[in-house]
Amino acid sequence: MHRARARVGSRPRSVSRARTRIGAGVVAAALAGALLAVVPGPGPARTPARTGIQWGACPEKPVPAGMRCGTLTVPLDYEAKGQGQRQGTVRIAVGRLPATGPAGKRIGSLVLNFGGPGAPGVSTLAADPNAFAELNKRYDLVVFDPRGVGHSVPITCGGTTAAGDEAPDGPVAGLAALRAVAKRCALDSGPVLPYVGTVSVARDMDLLRQALGEDKLDFLGFSYGTRLGAVYAALFPRRTGRMVLDGVDTLTEPLGEQALLSAVGQQRALDNFLVWCAHRQGCVYGTNTRTAKEKVQALVTRLDAEPLTGEGGLRFTGQDVADAIGAALYSPKTWPDLADALALAERRGDPVGLMQLGGPDEPPPVREEPADNAAAALPAVPADNATAALVAVNCADDPDRGDAKASPADVARELAELRPVFLAASPVFGPRRLMTVLACYGRPAGTDFIRRIDRPAGIPRILLVGTRGDPATPYEWTEETAKRLGNTVVLDYKGDGHTAYVASRCVQGYVDHFLIDGRLPSGTRSCPAEE
Numbered sequence: 002m003h004r005a006r007a008r009v010g011s012r013p014r015s016v017s018r019a020r021t022r023i024g025a026g027v028v029a030a031a032l033a034g035a036l037l038a039v040v041p042g043p044g045p046a047r048t049p050a051r052t053g054i055q056w057g058a059c060p061e062k063p064v065p066a067g068m069r070c071g072t073l074t075v076p077l078d079y080e081a082k083g084q085g086q087r088q089g090t091v092r093i094a095v096g097r098l099p100a101t102g103p104a105g106k107r108i109g110s111l112v113l114n115f116g117g118p119g120a121p122g123v124s125t126l127a128a129d130p131n132a133f134a135e136l137n138k139r140y141d142l143v144v145f146d147p148r149g150v151g152h153s154v155p156i157t158c159g160g161t162t163a164a165g166d167e168a169p170d171g172p173v174a175g176l177a178a179l180r181a182v183a184k185r186c187a188l189d190s191g192p193v194l195p196y197v198g199t200v201s202v203a204r205d206m207d208l209l210r211q212a213l214g215e216d217k218l219d220f221l222g223f224s225y226g227t228r229l230g231a232v233y234a235a236l237f238p239r240r241t242g243r244m245v246l247d248g249v250d251t252l253t254e255p256l257g258e259q260a261l262l263s264a265v266g267q268q269r270a271l272d273n274f275l276v277w278c279a280h281r282q283g284c285v286y287g288t289n290t291r292t293a294k295e296k297v298q299a300l301v302t303r304l305d306a307e308p309l310t311g312e313g314g315l316r317f318t319g320q321d322v323a324d325a326i327g328a329a330l331y332s333p334k335t336w337p338d339l340a341d342a343l344a345l346a347e348r349r350g351d352p353v354g355l356m357q358l359g360g361p362d363e364p365p366p367v368r369e370e371p372a373d374n375a376a377a378a379l380p381a382v383p384a385d386n387a388t389a390a391l392v393a394v395n396c397a398d399d400p401d402r403g404d405a406k407a408s409p410a411d412v413a414r415e416l417a418e419l420r421p422v423f424l425a426a427s428p429v430f431g432p433r434r435l436m437t438v439l440a441c442y443g444r445p446a447g448t449d450f451i452r453r454i455d456r457p458a459g460i461p462r463i464l465l466v467g468t469r470g471d472p473a474t475p476y477e478w479t480e481e482t483a484k485r486l487g488n489t490v491v492l493d494y495k496g497d498g499h500t501a502y503v504a505s506r507c508v509q510g511y512v513d514h515f516l517i518d519g520r521l522p523s524g525t526r527s528c529p530a531e532e
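So the sequence shown is numbered by our numbering: it starts at 2 and just counts up by one.
Honestly, the hints are just simulated from the structure, not real lab data.
Keep in mind that the hints are not guaranteed to be accurate.
[Unchecked claim] Heads up, simulated DSSO-like pairs for lysine-lysine below, C-alpha to C-alpha not over 27 angstroms straight-line: (1) Lys-495 / Lys-334; (2) Lys-106 / Lys-138; (3) Lys-484 / Lys-217; (4) Lys-294 / Lys-495; (5) Lys-484 / Lys-495.
This structure is a prediction, so every number in the text was calculated from the model and none was measured.
Given the sequences, and given the hints that come with them, work out the whole structure.
This is the structure we're talking about:
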């Protein structure tokens with residue numbers, strides 16, 4: 002997924018929390034050797050052709066010096082296009098940070114996507130451009146808000162996608178709440194909602210490539226951005242340039258199976274954290290990692306029965322504890338904060354530390370007025386946009402649906418059968434992930450295109466980066482996607498956290514070397530965990 006702390010490798014809190022609300026439809030995403038196989042080198046610098054993008058001021062401040070923004074007009078419905086049934090167009094917000102190196106060394110444009118689905122590209126790059134400074138020497142860094150996200154015709158469910166921060170009481174209320182949310186989203190989002198899936202966004206990205214004057218798309222995608230990159234490569238294999246996918250998403254599993262493996266991945270990351278904590282002086286759970294897992298589970302159970310009260314009278318439940326832990330597991334850099342927050346909750350009954358990691362309610366982001374008329378013409382971003390987009394895109398990408406006419410009794414029976422499986426995967430995260438089986442009730446059927454991707458002909462070699470301790474995109478998905486795409490090199494990062502480019506100098510070296518020099522080692526390679 003993000004609105005605050007929008008940094009690669011540490012997913013912004015709001016999107017990671019958006020994965021854990023039943024009313025939103027808990028969707029688990031929300032991943033250098035001796036012999037080098039040479040991919041064509043950089044060749045002469047490519048100069049952008051005249052584009053249909055009018056570059057000007059960016060809609061939000063602050064932005065890095067030199068960054069410019071604009072919009073790209075794309076068809077609303079690609080399937081209707083060419084059939085005399087064109088349904089109109091939508092405007093996609095784009096941003097560009099020009100290459101900082103000598104003009105003669107410029108390679109071209111590198112398009113980035115930071116994940117989600119639901120993460121706005123423009124504001125995310127503006128918040129942390131230094132992470133890509135080496136790439137920015139040779140590339141113009143180009144980002145966009147995918148359709149339905151940020152300033153690109155943002156979808157909304159009337160201000161909130163949640164039917165309440167707590168799960169509705171029982172299957173009757175739960176099913177009714179999900180259907181009510183789906184109806185509200187359809188009413189409030191306008192005509193773009195049926196066309197927000199990844200296949201449409203990939204087609205938008207190809208028009209962006211053309212507007213930038215590039216023959217091929219060079220792309221760096223994180224988390225959900227890896228699904229977007231894979232779909233683009235499957236649709237346009239001969240227009241795909243140098244592509245890196247970090248924190249690799251699944252292309253095959255239905256949402257329910259994604260949720261189960263996501264619970265496994267989160268539990269694995271929690272276990273790694275508890276091992277780390279056991280070697281830290283003063284760890285509230287001591288040095289026994291087996292009993293530590295039991296104590297975390299006991300904290301969740303206890304607070305579900307008797308929530309703590311935080312600042313402003315907010316109730317902090319066991320599921321809020323699980324949400325906060327899940328958010329902190331995205332980066333080992335936040336593990337000390339998590340250890341301190343758990344100690345505060347266990348020893349003093351004070352949830353403030355956990356609430357700062359990901360509490361039950363967050364204030365909307367502070368927004369500044371647009372700088373000029375062009376930026377002012379862009380739509381404002383609804384408070385619930387990140388969550389609404391996450392659910393809508395994941396549902397649009399999945400052809401499986403629960404029976405729209407299912408009775409509450411049918412739903413209760415399905416959940417009862419699956420509950421032991423999810424609890425076995427993770428007693429802490431399993432209950433939330435279980436609700437994903439209901440995520441798309443009441444929504445239109447999704448595409449089966451992504452499910453059918455199978456070694457597309459003509460696809461160039463792609464670099465996949467998988468992290469062994471990734472809580473959001475388990476390493477198994479890297480291996481699975483490598484098989485589905487075919488012509489890939491896997492970089493196995495032995496560390497923890499979600500995505501690896503920012504976390505590991507070794508990973509960054511492989512990625513930068515490939516994107517800048519066009520050279521990629523053959524076979525699987527690995528990088529050690531960073532100290």
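So, going through the hints one by one against the coordinates:
Of the supplied pair hints, the one linking Lys-495 and Lys-334 holds, its CA atoms being roughly 16 angstroms apart against a limit of 27 angstroms. Of the supplied pair hints, the one linking Lys-106 and Lys-138 holds, its CA atoms being roughly 8 angstroms apart against a limit of 27 angstroms. Our distance criterion of 27 angstroms between C-alpha atoms is met by Lys-484 and Lys-217, whose separation comes to about 23 angstroms. A threshold of 27 angstroms between alpha carbons decides the hint, and for Lys-294 with Lys-495 the separation of about 22 angstroms falls inside it, so the pair holds.
About 20 angstroms separates the Cα atoms of Lys-484 and Lys-495, which keeps this hinted pair within 27 angstroms; it holds.
Of the numbered hints listed earlier, not one is contradicted by the structure.
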